[in-house]
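Undergrad: Based on the provided sequences and hints, a complete structural model is requested.
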Amino acid sequence: MICPYCSHNNLDGLDNCEECLHDLSFFDVPTPTGGLQLHLMEDKVSHIPYDRLVLVSPRDSVAHAVSRIKSIGIGQAVVVEEDRLVGILTERDLLNKVAGREVDLQKLPVSEVMTPHPETIGERDALRVIINKMAVGEYRHVPIVRDGHPVGIISAKAVANHILKYSGLDF
Amino acid sequence: MSIADKLSEVKIRHLPLRRPAMVERDASIREAVEAMRARRLGCALVCEQGRLIGLFTERDLLNKVIGEPVSYSTAVEQVMTVNPAKLSMDDSVFAAMRVMKEGDYRNIPLVDGQGEAAGVVTVRDLVTYFAEHFPKEALNLPPDHDQTMWHAEGA
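Which chain is which? The protein sequence lines are A and B, in order. Under the numbering used here, the first residue of the first sequence carries the number 1, and numbering increases by one thereafter. Under the numbering used here, the first residue of the second sequence carries the number 172, and numbering increases by one thereafter.
Treat the hints loosely; a few may be bogus.
[Said to hold, decoys possible] Quick look at which bits of chain B chain A covers, simulated, 3 or more residues with Cβ under 8 Å:
hint, stretch
1, 205-219
2, 226-233
3, 249-255
4, 265-272
5, 290-303
[Said to hold, decoys possible] Sample of chain B residues lacking proximity to chain A, with all beta carbon distances greater than 10 Å (derived):
hint, residue
6, V181
7, R196
8, A198
9, V236
10, S259
11, M260
12, R277
13, V282
14, D283
None of these hints come from the bench; they were simulated from the model. All residues carry an ideal CB built from backbone N, CA and C; glycine is no exception.
TA: Below, the structure written as structure tokens:
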């Protein structure tokens, strides 16, 4: 990259010009051209509809958590202790750790089945941050936290639907 | 090519799909659960001599089995979703997105011209596709536009 300040020919991707030390990082930030690309880059988590939040305690029984989840018609519960997020109980946890076990679900605490310390996002994070976290961590649900308190949860389905909505194809 | 063009041109067969979990209709719920765990998938295709007749998903497990008086040795066909929405390998990524949205599905079974089960496309496959094919948007940027690095990498 040719430095616009001193015309020194730098290697591509350098943050600063090797010759005059001017900041070059700005030139590497792609500018969205419009349409879906703009939405991917600029839309915030808060633009995507959140799933309803079912809150349970780690000491609640799995039977209680399952009946709460079913009554709302969703697939996961967020586990909180003193209003702080400590885990998430998903259908995948139930598939992997509960299904087929001869165990009394009334006596099995959520803490033994939940995924502790899940990946979270903030309301002001961009859509591409969620896509990244979901793809890299293979998560289907990511809780949204504000100062450690869960305020919502976003599903991979909601992300796909949001992309569809702005793709110009959803008519 | 715009992102929208890509979504409607790229076929489902171009995605790095995982091998589906498949069970026969008289298999037990336990066998279906084990097949799903082994493949790390949220659904099992229920077949009769190769032909897709139903889908057993995590949601079926949650709603019809866990906490219900149903034994894991029950035949999976008792609790599966009969005649699920399906697509072919030659349908587009966009078609998969649309069917998932319309039916509120996370998994769409794929069948060939003869109705034989050929695979499954999941919402996770779509998210992976978004991340890998729009990398400039999804992966390569600092989380904050105005972020400044205070130290050189590795320092």
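Undergrad: Now look at each hint and say whether the structure bears it out.
TA: Evaluation of the provided hints:
no. : hint    : result
1   : 205-219 : holds (count 4)
2   : 226-233 : holds (count 4)
3   : 249-255 : violated (count 0)
4   : 265-272 : holds (count 5)
5   : 290-303 : holds (count 8)
6   : V181    : holds, 12 Å
7   : R196    : holds, 19 Å
8   : A198    : holds, 13 Å
9   : V236    : violated, 7 Å
10  : S259    : holds, 19 Å
11  : M260    : holds, 19 Å
12  : R277    : violated, 6 Å
13  : V282    : holds, 21 Å
14  : D283    : holds, 25 Å
Hints 3, 9 and 12, counting from the list given before, are not met by this structure.
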